[in-house]
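K.L.:
Just so you know, the sequences run in chain order A and B. Mind the numbering: the first sequence is residues 21 to 179 in the working numbering, read in order. Mind the numbering: the second sequence is residues 206 to 622 in the working numbering, read in order.
Derived from the structure by calculation, the hints contain no laboratory data. Treat the hints with care, since some could be wrong.
Straight line, CA to CA, 30 Å or less: simulated DSSO-like cross-link-like pairs of lysine-lysine [as the list claims (entries may be wrong)]: (1) A/103 x A/168; (2) A/177 x A/105; (3) A/147 x A/168; (4) A/177 x B/326; (5) B/586 x A/147; (6) A/177 x A/103.
Output of the computed footprint for chain A on chain B, the stretches with three or more beta carbons under 8 Å from beta carbons of chain A [claimed, not checked]: (7) 418-430; (8) 467-476.
Don't be surprised by glycine CBs; every beta carbon is placed ideally from N, CA and C.
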Amino acid sequence: MSDTGMDLRELYQDIILDHGRHPRNFRALEHPTHLARGHNPLCGDRVTVYLTVEGDRITDVSFEGRGCAISTAAASLMTEVLKGKTVDEGRALFAQFHARVTGGEAGEPPDALQDDVDRLEPLTGVKAFPVRVKCATLPWHAFEAALKSGLGGETVKTE
Amino acid sequence: MAATPLRVPKAPSCGFDPRALRREFPIFATHPDLVFLDSGASAQKPRAVIDGIADFYRSDYANVHRGVYSLSARATDRFEEAREKARAFLNAADEREIVFLRGATEAINLVAQSWGPAQVKAGDEIVISDVEHHSNLVPWQMLCERAHARLVVAPADPTGEFDLAAFEALLSPRTRMAAVTHISNVTGTLLPIGRIVELAHARGAKVLVDGCQALPRMPVDVQALGCDFYVFSGHMAYGPTGTGVLYGRYDVLESMPPWQTGGGMITSVEYAHTEFLGPPHRFEAGTPDIAGAVGLGLALEFIESVGREAIAEHEQTLTGYALDQLSRIPDVQVARGGQHQLSIVSFNIDGVHPHDVGTVLDQHNVAVRVGHHCAQPLMEKLGVPGTVRASLGVYNDEADIDRLAKAVEACREMFVR
Numbered sequence: 021m022s023d024t025g026m027d028l029r030e031l032y033q034d035i036i037l038d039h040g041r042h043p044r045n046f047r048a049l050e051h052p053t054h055l056a057r058g059h060n061p062l063c064g065d066r067v068t069v070y071l072t073v074e075g076d077r078i079t080d081v082s083f084e085g086r087g088c089a090i091s092t093a094a095a096s097l098m099t100e101v102l103k104g105k106t107v108d109e110g111r112a113l114f115a116q117f118h119a120r121v122t123g124g125e126a127g128e129p130p131d132a133l134q135d136d137v138d139r140l141e142p143l144t145g146v147k148a149f150p151v152r153v154k155c156a157t158l159p160w161h162a163f164e165a166a167l168k169s170g171l172g173g174e175t176v177k178t179e
Numbered sequence: 206m207a208a209t210p211l212r213v214p215k216a217p218s219c220g221f222d223p224r225a226l227r228r229e230f231p232i233f234a235t236h237p238d239l240v241f242l243d244s245g246a247s248a249q250k251p252r253a254v255i256d257g258i259a260d261f262y263r264s265d266y267a268n269v270h271r272g273v274y275s276l277s278a279r280a281t282d283r284f285e286e287a288r289e290k291a292r293a294f295l296n297a298a299d300e301r302e303i304v305f306l307r308g309a310t311e312a313i314n315l316v317a318q319s320w321g322p323a324q325v326k327a328g329d330e331i332v333i334s335d336v337e338h339h340s341n342l343v344p345w346q347m348l349c350e351r352a353h354a355r356l357v358v359a360p361a362d363p364t365g366e367f368d369l370a371a372f373e374a375l376l377s378p379r380t381r382m383a384a385v386t387h388i389s390n391v392t393g394t395l396l397p398i399g400r401i402v403e404l405a406h407a408r409g410a411k412v413l414v415d416g417c418q419a420l421p422r423m424p425v426d427v428q429a430l431g432c433d434f435y436v437f438s439g440h441m442a443y444g445p446t447g448t449g450v451l452y453g454r455y456d457v458l459e460s461m462p463p464w465q466t467g468g469g470m471i472t473s474v475e476y477a478h479t480e481f482l483g484p485p486h487r488f489e490a491g492t493p494d495i496a497g498a499v500g501l502g503l504a505l506e507f508i509e510s511v512g513r514e515a516i517a518e519h520e521q522t523l524t525g526y527a528l529d530q531l532s533r534i535p536d537v538q539v540a541r542g543g544q545h546q547l548s549i550v551s552f553n554i555d556g557v558h559p560h561d562v563g564t565v566l567d568q569h570n571v572a573v574r575v576g577h578h579c580a581q582p583l584m585e586k587l588g589v590p591g592t593v594r595a596s597l598g599v600y601n602d603e604a605d606i607d608r609l610a611k612a613v614e615a616c617r618e619m620f621v622r
């Protein structure tokens, strides 16, 4: 075993493998209000995140792209937790997720979001694999870029 | 002279012993369980190189050239001895044909930026192969953009073999340069450099060969190849990072203007005018990586002491073994490297991203490279986001390949059900 001292199954939990193989909401939205592309030039992963925002609520969210099991599962789980949330709740979830995969501080999540934070928990195994953290955060960066730029966004790049 | 004696016995061709060679590489003492299959990205360093550089700093170090004191003269001797070693290693005709640089990337950029502008005009063409590393693509692309010239890409055939007929058909009276790799860093394909040179020279074009992958693994004779330029990086040849060589035929180098300018490369400087030294010093502005060059010389000596024929034979056999072991595993697709594939094997597991494979293999202590290998257009052609690449060094043996195959099996079991 290598230096991480971590069991691979902590990274590749069944839920990750399942979402990696059978991603949910894996399609383009026909009339999104927001979309952004994410690209990790290091590994070539590409993701496009589509949002429909009505008022301050995310009523639909989907993604397309190709990437590793981690980034695909991260995007898939992201679409599941974001659907029906307000834009602010979506941003708060990203902050929680980001802190959990990078080992940063985000404080306690609001009660209303606790279930969703728990749903994303299986992905936090990447923390022990620093070179893979960006795989997990790429779709979230695209989500954030989409919120900022509506339909005219540039590609966000992580490397 | 405080050259570190090599501890590697001269390997008879029948007695090549990777396990014994492994002991010459301290990294494997630190990481005894490591299966290192990433020498194509950078080879590990033998003790002779590591200690030799330290000894040089301890015993012989000063700045080179123009020093009147004996220590500087000794350092200059060591530096120029390394140049002679590189000359002999490549069988170049003259030491002045050996330019020390930071690596192959810098060497190609030098040629593109010094040789290029005077020789490549609007409407001219530069031919590259479709298995080039970005470093033998982007400098030519930029030269073509500036000169309004055309970059022409010669394809490999479906078996992965360089297509000489297609290459010949792409040559024209406008072809100024053919820039090709000796061995592909992705598919391991050995390109027929001799024939490429004949065909290109017949059209009046120059030939630059990227020798990064070939140089540490097989005999290279630039005079027999007939190429105009041959470049390689020291760190892939068991030498230090930040070192490399540009070989250029003397008459061609002589015709080229300086690239970078400064100290160490002039004969006289006045405010109105500067006279430059001839090759190689014309292209070595500033204090060079002196210890790096010394280390590179020691690395070439190390390779020579093992024997380049012996290395080629060993790695050829091991490449065949790796291809065999990997293709037995269901769902594994190996990128085709043509009839002569040496030391590099790229593959994918159906439905599994190369990065996931890389992580799983790392957990089995098998170090491979995953991704696009600085060859994005080739990945596009292969229709994959990247590959998993295993590349060999003198320290690898069948047990390493068995470990690789076992880890690939484990990966497949995890992801493919």
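K.L.:
Compare the structure with each hint and give your call.
P.N.:
Here is what the structure says about each hint:
1. A/103 x A/168: Given that 30 Å is the threshold and the Cα spacing comes to 18 Å, the pair holds.
2. A/177 x A/105: holds (25 Å)
3. A/147 x A/168: holds (27 Å)
4. A/177 x B/326: With a Cα-Cα distance of about 36 Å, the restraint between residue 177 of chain A and residue 326 of chain B is violated, given a limit of 30 Å.
5. B/586 x A/147: violated (34 Å)
6. A/177 x A/103: holds (24 Å)
7. 418-430: violated (count 0)
8. 467-476: violated (count 0)
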